[in-house]
Amino acid sequence: MQVSVSVSEENAEQEPPAQQVSAFLERRREQIAQRWADAALFRTVFTVSRDEAVEAGRSVAAALAAVAAAGRLDDIRASGFAAVRDQLGRMAASRGRMGIDADGLADEVAALREPVTDLLRAEFPDPCAPEAQECVLALTVLMGTLRLVVLETTVSAGEEVIARQREQLHEVATPVIKLWESTVAVPLIGTLDSARSQVVMESLLDAIVAERARFAILDITGVPTVDSLVAQHLMKTVAAARLMGAECIVSGIRPAIAQTIVQLGIDLGTVLTRASLADALAYALSRQGVEIAPLRAADAGAR
Amino acid sequence: MTGPSGNGPFGGPGFTVPVLRLGDILLVTLQGELHDGMAEQLQQDITDRIAHTRVTGVVIDISGVDIVDSFLGRVLAEIAAGAGLLAARTVLAGMRPAVAITLVELGLTLPGLRTALDVERAMELLTAGERQAEGSP
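Each protein sequence line maps, in turn, to chains A and B. Here the first sequence is numbered in my numbering, starting from 886 and rising by one per residue. Here the second sequence is numbered in my numbering, starting from 447 and rising by one per residue.
Bound-form chain B, shown alone:
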């Protein structure tokens, strides 16, 4: 599930976004641009992994993304919705200030997505939510 070796340009044909599993959480790190084919592949990968493993959360790290357009915004919302159907919660982590401003100016406020400052905070958010869920009968 990892990309080809070497630091070639992202988004080449056949390149897939790595989806790492850390305990009960899936970690997806996006970098550079995400093309249509890759986005589709990623959505499928994530839902497959959630279905086959017992993860309860997905963290999407976009700290390496310079541009988030309406396409990527829709992909992220769809991933979150799909994960939600499989009882996993999605947190978007590490958005840059410039990206946030651009998204807001475009009117894309991603209302259905949980957000966190960075991956660490996103993990905290997910594990804290879990504990709460466990605590309640």
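Just chain A, same shape as in the assembly:
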């Protein structure tokens, strides 16, 4: 990294190829950055100004030089990459938004290799000399590592997105609805795992406090399958609601699910169940002394 432009030819010959590559990257950083700015990857990400692209290219080249100087050409965890990981991640994400998949991105990063190797070959009086070949090989390895780093950054960015969306799904998929005075319902949709049942339980209990609910209805019409684990989650939620002083009703048990529950030998004896949400609401209303009756003919006629 400390190698200056004034290194004499004899000294350079003594150095291992990685050091030579590092020195070359430092020396030609500006030219490399200029050429990269015209490459597809940089050109499409930095559409506003070319200077920005050149600046990004410069920092990438500097990082590569640092990695080469440390002699860790094929180590994607080399500390030199840490500086550019963020930038590469942004570039990869920006490409991703434009609809480029991982393969396309890999090709674009691979395209960065050509201009650099051309420059490196031009450094040597005889490009076919064994020494020149070794340097080009070292640079190729380094560029391959860069490609890996970019892909790895893309994948981890994808994982972040998945984690965030999973969280959003948890929040969105569990609305608590007030059906009547002091009656709340949660329509459960999708598979009920322990993380989701925790969210359901928390939001249901909070709603019981907020609405001063006496009855809580868990509607499982949208739950595709009920196994012993799901049943356990349901029973926990029912027990927690009871501790809060609310009566919990599980509704929307489809015939097939009722069969499964029976066949699995799950005992839902402690849980109040109804076939449909309407039945559960009717039960909750009747317990509160509320009756829904059709309007009398005379009243209907008067309207």
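Hints may be right or wrong, so weigh each one.
Said to hold, decoys possible - Below, computed lysine to any residue pairings styled on SDA-like, alpha-carbon distance capped at 20 Å: (1) A:1121 x B:552; (2) A:1121 x B:516; (3) A:1121 x B:544; (4) A:1121 x A:1163; (5) A:1121 x B:464; (6) A:1063 x A:1074; (7) A:1121 x B:567; (8) A:1121 x A:1176; (9) A:1063 x A:1170; (10) A:1121 x B:519; (11) A:1121 x B:542; (12) A:1121 x A:1170; (13) A:1121 x B:560; (14) A:1121 x A:1154; (15) A:1121 x A:1150; (16) A:1063 x B:513; (17) A:1063 x A:1168; (18) A:1121 x A:1084; (19) A:1063 x A:1110; (20) A:1121 x A:1110; (21) A:1121 x B:513; (22) A:1063 x B:516; (23) A:1121 x A:1083; (24) A:1121 x B:499; (25) A:1121 x A:1153; (26) A:1121 x B:555; (27) A:1063 x A:1176; (28) A:1121 x B:558; (29) A:1063 x B:567; (30) A:1121 x A:1079; (31) A:1121 x B:547; (32) A:1121 x B:551; (33) A:1121 x B:553; (34) A:1121 x B:548; (35) A:1121 x B:515.
I should point out that these hints are in silico values taken from the structure, not numbers from a laboratory.
Given the structure of chain A, go ahead and fit chain B onto it with the hints provided.
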């Protein structure tokens, strides 16, 4: 039967949980932590009061309790069972959502206890039950 004056930390030696009588109902408000000695004292206080007065219901307000462990769970169940023997019904009122979740995760669902959202609801529950009992011959 009330604690020492001032707002010192609960659960100090000699501190007892106040048991208030409201008509036919005893109201017990728990706050903070309940230690072994206090729990024993409380159980005794409540059963004594039920035996000597003609109360028909006990409301235990735990809205000021952050942590309910297996010990407190057992104490509450024992109080309810003891009151039941003396023909008084016990209602646990005001449990916080976080406490309810913790209890359920611990497997303590307190099956023998009646529960209510808050003290008001607990009173309603007890008086409504009474009326029913009176109505039936």
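Any of the earlier hints contradicted here, and which numbers? Those not satisfied are hints 4, 5, 7, 8, 12, 16, 19, 22, 24.
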